[in-house]
Structure formats: C-alpha cells, structure tokens
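There are 2 protein chains.
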Amino acid sequence: MDLVIVGSVALDDVKTNYGSVKCALGGSAVYASMSASNFCNTAIVGVVGSDFPREHVQLLEKNKICTKGLQILKGKTFVWKGTYDDPNIAETLDTQLNVFADFNPILPDDYRRSQFVFLGNIHPELQLNVLDQMKDPMVTACDTMNYWIENTRDKLLEVIAKIDIFFINEDEIKMLAGEKNLYKAIDIVQKMGPKLIVVKRGEFGAVAFHQDFSFFAPAYPIREVVDTTGAGDSFAGGFMGYLAANKKFTEKKIRRAVINGTVLASFCVEDFSLNCLKNTNVQKIEKRFQEIQKVIYIADKNQ
Amino acid sequence: MDLVIVGSVALDDVKTNYGSVKCALGGSAVYASMSASNFCNTAIVGVVGSDFPREHVQLLEKNKICTKGLQILKGKTFVWKGTYDDPNIAETLDTQLNVFADFNPILPDDYRRSQFVFLGNIHPELQLNVLDQMKDPMVTACDTMNYWIENTRDKLLEVIAKIDIFFINEDEIKMLAGEKNLYKAIDIVQKMGPKLIVVKRGEFGAVAFHQDFSFFAPAYPIREVVDTTGAGDSFAGGFMGYLAANKKFTEKKIRRAVINGTVLASFCVEDFSLNCLKNTNVQKIEKRFQEIQKVIYIADKNQ
Numbered sequence: 001m002d003l004v005i006v007g008s009v010a011l012d013d014v015k016t017n018y019g020s021v022k023c024a025l026g027g028s029a030v031y032a033s034m035s036a037s038n039f040c041n042t043a044i045v046g047v048v049g050s051d052f053p054r055e056h057v058q059l060l061e062k063n064k065i066c067t068k069g070l071q072i073l074k075g076k077t078f079v080w081k082g083t084y085d086d087p088n089i090a091e092t093l094d095t096q097l098n099v100f101a102d103f104n105p106i107l108p109d110d111y112r113r114s115q116f117v118f119l120g121n122i123h124p125e126l127q128l129n130v131l132d133q134m135k136d137p138m139v140t141a142c143d144t145m146n147y148w149i150e151n152t153r154d155k156l157l158e159v160i161a162k163i164d165i166f167f168i169n170e171d172e173i174k175m176l177a178g179e180k181n182l183y184k185a186i187d188i189v190q191k192m193g194p195k196l197i198v199v200k201r202g203e204f205g206a207v208a209f210h211q212d213f214s215f216f217a218p219a220y221p222i223r224e225v226v227d228t229t230g231a232g233d234s235f236a237g238g239f240m241g242y243l244a245a246n247k248k249f250t251e252k253k254i255r256r257a258v259i260n261g262t263v264l265a266s267f268c269v270e271d272f273s274l275n276c277l278k279n280t281n282v283q284k285i286e287k288r289f290q291e292i293q294k295v296i297y298i299a300d301k302n303q
Numbered sequence: 001m002d003l004v005i006v007g008s009v010a011l012d013d014v015k016t017n018y019g020s021v022k023c024a025l026g027g028s029a030v031y032a033s034m035s036a037s038n039f040c041n042t043a044i045v046g047v048v049g050s051d052f053p054r055e056h057v058q059l060l061e062k063n064k065i066c067t068k069g070l071q072i073l074k075g076k077t078f079v080w081k082g083t084y085d086d087p088n089i090a091e092t093l094d095t096q097l098n099v100f101a102d103f104n105p106i107l108p109d110d111y112r113r114s115q116f117v118f119l120g121n122i123h124p125e126l127q128l129n130v131l132d133q134m135k136d137p138m139v140t141a142c143d144t145m146n147y148w149i150e151n152t153r154d155k156l157l158e159v160i161a162k163i164d165i166f167f168i169n170e171d172e173i174k175m176l177a178g179e180k181n182l183y184k185a186i187d188i189v190q191k192m193g194p195k196l197i198v199v200k201r202g203e204f205g206a207v208a209f210h211q212d213f214s215f216f217a218p219a220y221p222i223r224e225v226v227d228t229t230g231a232g233d234s235f236a237g238g239f240m241g242y243l244a245a246n247k248k249f250t251e252k253k254i255r256r257a258v259i260n261g262t263v264l265a266s267f268c269v270e271d272f273s274l275n276c277l278k279n280t281n282v283q284k285i286e287k288r289f290q291e292i293q294k295v296i297y298i299a300d301k302n303q
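First to last, the protein sequences are chains A and B. For the first sequence, my numbering assigns the number 1 to the initial residue and increments by one for each residue that follows. For the second sequence, my numbering assigns the number 1 to the initial residue and increments by one for each residue that follows.
Keep in mind that the hints were calculated from the coordinates and are not lab data. One should not assume that every hint holds.
Pairs involving identical chains hold if they fit within one copy or between any two copies, as the list cannot separate such chains.
Within a straight-line C-alpha distance of at most 30 angstroms, the following computed DSS-like cross-link-like pairs (lysine-lysine) qualify [to be verified]:
id : residue 1 : residue 2
1  : 174       : 287
2  : 62        : 81
3  : 195       : 294
4  : 253       : 294
5  : 81        : 195
6  : 162       : 294
7  : 184       : 278
8  : 184       : 248
9  : 301       : 64
10 : 15        : 135
11 : 180       : 287
12 : 253       : 191
Since the structure is predicted, the reported quantities are computational estimates derived from the model, not experimental observations.
Take these sequences, add in the hints, and give me the full structure.
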C-alpha cells in the first residue's frame, strides 16, 4: 500500500446556489482517497453504518481504493447537512455522528507498513491512535478544523508535533497561532513541529511553507463553482497521492504536489458530491497541471 | 517622457493598528509616480493647494518625477481621512475635495507625445479629457473605484472602451460586471473593450487577463502590514513604469510587469505614506522580484 487515508465517511445533504443533493457520498476520507487514487495505491480507513449504500463501496473499489479498512457497524452512517450562500462558506445545518461516534480506527497489518499516511479531519485522539499503529512511515500528514483547535487544542498540538505535513485553512492557522498575519502565524506553527505547513486558501490557492523554501500556487480558475464540500480534502488527497506515488519528500516533488492538489480540488468543486471527481483521470489532471504551469510562468529577463 | 500619470494628490490622515499619521503625502498619482519612477522617466499631472508643503514637491523631483504638470491653485489641497481595523479594508472618515473639485488636467505638450499614460482613480470625465489630449499613445491604462462604478457608470464604460489596460479590484470588477464569479466577471468586462484586465486581489496578489493568456501572481509576503493606503496605485505605477521602460506591450513584459507591480505594492504597505516607497531602488526591487520568482517556480517533471 502506497498511502493510507483515515477520516470520515459521510452521507451529505448539501444545498448551494446550483441546486441540492440528499444522502450523497461524502466525508474527508472519501474525497481524499478518490483524489489520491489517481496517483497511487490508496487505502481508506473509516466507518459506515449498515445503511451505507453498496454502490458507494463499489465506486471506491472501481477506483482501486482498498476498502479492507472500511468498518461497517450496525447503525447509521455519519450524516452532515450543510448549505452555502457564499460558495466559500459552509453553514452546518445538522451533524448526526451515528456510528462515527464509536469510530476506533484499526489498521490492517499491511496498512501499518505503508510509507505515507494522511490523517483527515477527525478527533486528534484518533489521529494519534493511527500514528501509533504506523511502523516507521516516511511521511505523515494531517488536516484539522476549527472545532478541534477550540475544543481539543492540547491533543491537536500533540498530533502537530509528530507529523511531517500539516494541512490547514488560512482562517484556522490564524486561529491556532492567535495571530492575524498569515506569515507570522506560519512562523508560530512551524515551531510546533511540522516540517511542512500547507495553507489552503480556497479560491486564492494554497501556500506551502518549509524552513528551506516556500511555494505559492493559485487556484485553478473555475467559472461554475457548484459545491465546495470536500475541496480541501481533495486537495490534500491529490497532494499526498502524488508524493506517495513518487515515494519522495523533496522540495521539487512538494511543489508539484501542491499543483496536483490544486487540480484535484478544482475537479471536486465542479459538481456535487463525487460526481466530477469520479470521472477524473491522469490525462485530465495533467492538462490542468500544464494550464496552471502556464499561468504562473515568468519569462526570462532578456526575452 | 516615458510615462504620464494623472490622478489625485492628497494630504492624508491615516490610522491603522500600527499608529497614525496626519497631513501625510498621499494620492493615487503620487503613489503611482513614485513607484513608476524606479523604472522610467515619469511625469505627474495633478492639482494641489497653496498649502501643499514644498518638501513634497521636492521629494517627487528628487525621484526625477517631472512636476511641470502639477498645478498649484489657491486654496487647500485635497484631504482624505481614513482608518483601518482590517488592513485590507479602508474606512473613510472624511473627504475634503478642496482644489481637487476644480481639477482640469492640462497636459504640457511633451506629455501629450508620451507613449504610455496611466489614468489614476479620478472622475471618468477627467480620464476621458486626458485621453483626448494624448497624441497616438502606445499603451493607455486606467484605474477606478466603486464610487465611479455606481455613480458615473456610462462615462466609466466610455473610458474602459478606449483604454488598453484596466486595473481594478476584485470586488469592484464583480460589481461592475454584476457577477459574483471572478472569471465570469472578467469575461464580461473583456467584452467592454480593454485588451488587458489586471485584477488587484490585495494580500492574495493579482491576476492579468488577456484574450491570449492569463497570469497569476501571489502578493509578496509581508509580516508587518503597516498601512495599505496607496498599495493599488503603487502596483499600477510599478506595472506601468516597467512597461514604459521597456516600451513594449508583449505577453512576456506583461508577466514581469505584474511581478514588478506586486513588489512596489509590497514596499508601499510596509510603512505609512511614502515612507518606505521613497527609499526603494532597483536593487531592492530586483531582490524581491527574484524572491517571488522562487516561490512560484515549478520544477521540471523529471527532476
């Protein structure tokens, strides 16, 4: 296994200015693994209820995602209901944890020997639990959200101190650092331990900060932003999938990983749920990669 | 003369989280011409009152800006008073037009033969007036603001139809187009006539859209954003100054012009008024240019 992804698996009700879906496949682990699977052998670790439609598992498997670590518990699958007026701001209407409340991620033995692991946005305690199960991984990464920053800060700091890559939204890193200036906030969080901080800025792209370099990427321009649910997870999945496929954690690969993450996020937002992401392939990704490369290329001084 | 810049010349009272200044040199034409003068022979066209301190004129002249077109009228100089809580959002406390209410830009004869002209944020009627005086310029550009979009829309559309480069803030282009999606807004405004649209996104950088290409640049990372007054004008001044110095309006020069604009804006915000901009030089600009080049560089696929 190249990459193990742990996180939520959900059935989402989402309403945006483009329409709505009910009981649609979602969750951080689903968006991230569907994105990563374009690049590498990916395994998903999560929990669903007995109501979880068989077709969703089949979709994951069709995309060569290993579902051996997807637990099926008696009860209902995690439900998230949200609405967007501004495509960049989700308003949560309802959260029903259901079987997710009892999630206890247990990694199959071959997963534990994976060199790359991505801990999607779940309770930091569970993230630590998964980290403990890993046997000498090359690169560990996590995402988080404002809820954990506010309510389980100490546990989150434990996670951040242990992982290599920390994915976080711009507003959330400012909250975590208690600092309004992004670059000063990054300075503060760098001291908490992660080798690489990747700040997700939504429609404004992403920035990656390492002590030796930084990299700024714009978002891929999208004219019809249908639903931004899962965009951050898709970004992280594309990023981690690319790194895991290359089995490297170098500056050059990190720069390309940011762009690949950006491309996967751009597919995610073009339709509800996994509707667009499930139709991506290497050719489509490469095309957008090259388009981004063109829009940030600076000509030589003497041309 | 390489570049003629028309706009406001002001005495500003500004308060930010870093402190405050009173009666400080400001105005769109001042920020733009001080920025442009790093690259090319620049002329400023504006109006001041008899109270305008002699030292401010000396500062412009010390920076080799021609002040022949700076009218001195009996009365008081234009005054703007503003405050910032969020460094990106100016709250206007007071505007006293004074002699600026009677501004009638008259270009000296040698200015009219300039190949580049930048019409800073003033009444579109005055922008048209200046355009009429120009004799076969190579590149014309203008900036504007929400006030003109709302109150003198028809006149503004006349200007936009005539100029080559349209500088505008992200919120303002959305307002002008009546469209919330940036890229669709750009599509709409492109049909209004300008060859190049440059959208200023503040701390998120800038994008340039031409029918044949687009270019995305991040902002230069600044840890102490003291005062953002004049940042957009400094951006446009740096951009236009670089183009005028090269006497070219090509894709390659436009890409580098965006970065040079970004660099000048970054110096602008590091101190109040012209305090930081007045100490820039080619070496300092080139250093930041190269730093931006590094943070957007993508390594080759096979490295």
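For each hint, the structure was consulted:
In this assembly of identical chains, residue 174 and residue 287 lie within 30 angstroms of each other by CA distance solely across copies; the values are 28 angstroms between and 34 angstroms within a copy. Taking the closest pair of Cα atoms, residue 62 and residue 81 come within 30 angstroms of each other only inside a single copy of the chain (27 angstroms); across copies the shortest separation is 62 angstroms, beyond that limit. Within a single copy, residue 195 and residue 294 get their C-alpha atoms as close as 29 angstroms, and across copies as close as 19 angstroms, so both meet the 30 angstroms cut-off. Taking CA atoms no more than 30 angstroms apart as the test, residue 253 paired with residue 294 passes in both settings, with 18 angstroms inside one copy and 15 angstroms between copies.
In this assembly of identical chains, residue 81 and residue 195 lie within 30 angstroms of each other by CA distance neither inside one copy nor across copies; the values are 35 angstroms within and 44 angstroms between. In this assembly of identical chains, residue 162 and residue 294 lie within 30 angstroms of each other by CA distance solely across copies; the values are 29 angstroms between and 36 angstroms within a copy. Taking CA atoms no more than 30 angstroms apart as the test, residue 184 paired with residue 278 passes between copies only; the shortest distance there is 26 angstroms, against 38 angstroms inside one copy. In the homo-oligomer, the alpha carbons of residue 184 and residue 248 lie at most 30 angstroms apart inside one protomer (28 angstroms), although the nearest pairing across protomers, at 38 angstroms, exceeds that limit.
Proximity of residue 301 and residue 64 under a CA criterion of 30 angstroms is satisfied inter-copy only: 25 angstroms between copies versus 46 angstroms inside one chain copy. In this assembly of identical chains, residue 15 and residue 135 lie within 30 angstroms of each other by CA distance neither inside one copy nor across copies; the values are 41 angstroms within and 55 angstroms between. Taking identical chains as interchangeable, the C-alpha atoms of residue 180 and residue 287 lie at most 30 angstroms apart only when they sit on different chains, with a minimum of 26 angstroms there against 36 angstroms within one chain. Only within a single protomer do residue 253 and residue 191 lie at most 30 angstroms apart by alpha-carbon distance; the minimum there is 23 angstroms, versus 40 angstroms between protomers.
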